[in-house]
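Visitor: Produce the complete structure using the sequences and hints provided.
Number of protein chains: 2
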Amino acid sequence: MYVVAVYDVEADRTRLFLNFLRRYLTHVQNSVFEGEITDGDLEEVKGQLDSMLEPGESVIVYRMSSEQYVSRTVYGDDPTEDSQFL
Amino acid sequence: MYVVAVYDVEADRTRLFLNFLRRYLTHVQNSVFEGEITDGDLEEVKGQLDSMLEPGESVIVYRMSSEQYVSRTVYGDDPTEDSQFL
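Chains as they are written, first to last, in the working numbering: chain P, 1 to 86; chain C, 1 to 86.
The set of hints was computed from the structure by calculation and includes no laboratory data. Any given hint might turn out to be false.
Which copy is meant is left open, so a pair is good if it fits within one copy or across any two.
List of simulated lysine to aspartate or glutamate pairs, EDC-like, C-alpha gap at most 16 angstroms [what the hints assert, rightly or not]:
1. Lys46 with Glu57
2. Lys46 with Asp77
3. Lys46 with Asp78
Guide: Below, the structure is given as structure tokens:
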């Protein structure tokens, strides 16, 4: 399946989520990840997120059965084309 | 169609995008909007974004032909349940 994940966490904790989610998905914008993921890996991500998140923080995961059901357009400067993009 | 829009703009300009996107979509997380939108309104949004965005800023729009193709899960505290959520 194809997912888009968006996190909203305390500024000093973004690195933690960046490093974690990067193991499963592609970092495409400041707090946005996307990519193909297996059911097993998604369960792993969910379990880990539940233990990582603190009060007031959230991650939204949008799931589509396949990438064919979503089209994606970037307006402005695509961060992934910037070599400085972490 | 159903869209998810995520913006990454300078901190002092988020209000501008928040107020603009709120006219078309539902604010669901810090820099995330989603909802049903007509082709006409999406064209309007695109045109406006192109003129609003400055170098280094971006908005990603994920389009699905219908909400039935996407399922959404919130981990942690869902911002929309927080009465303080702007």
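Visitor: Each hint should be assessed against the structure and marked as holding or not.
Guide: Quick rundown of the hints versus the structure:
In the homo-oligomer, the alpha carbons of Lys46 and Glu57 lie at most 16 angstroms apart inside one protomer (14 angstroms), although the nearest pairing across protomers, at 30 angstroms, exceeds that limit. Proximity of Lys46 and Asp77 under a CA criterion of 16 angstroms is satisfied inter-copy only: 14 angstroms between copies versus 31 angstroms inside one chain copy. With identical chains, the CA atoms of Lys46 and Asp78 are at most 16 angstroms apart between copies only, with a shortest distance of 15 angstroms across copies and 28 angstroms within one.
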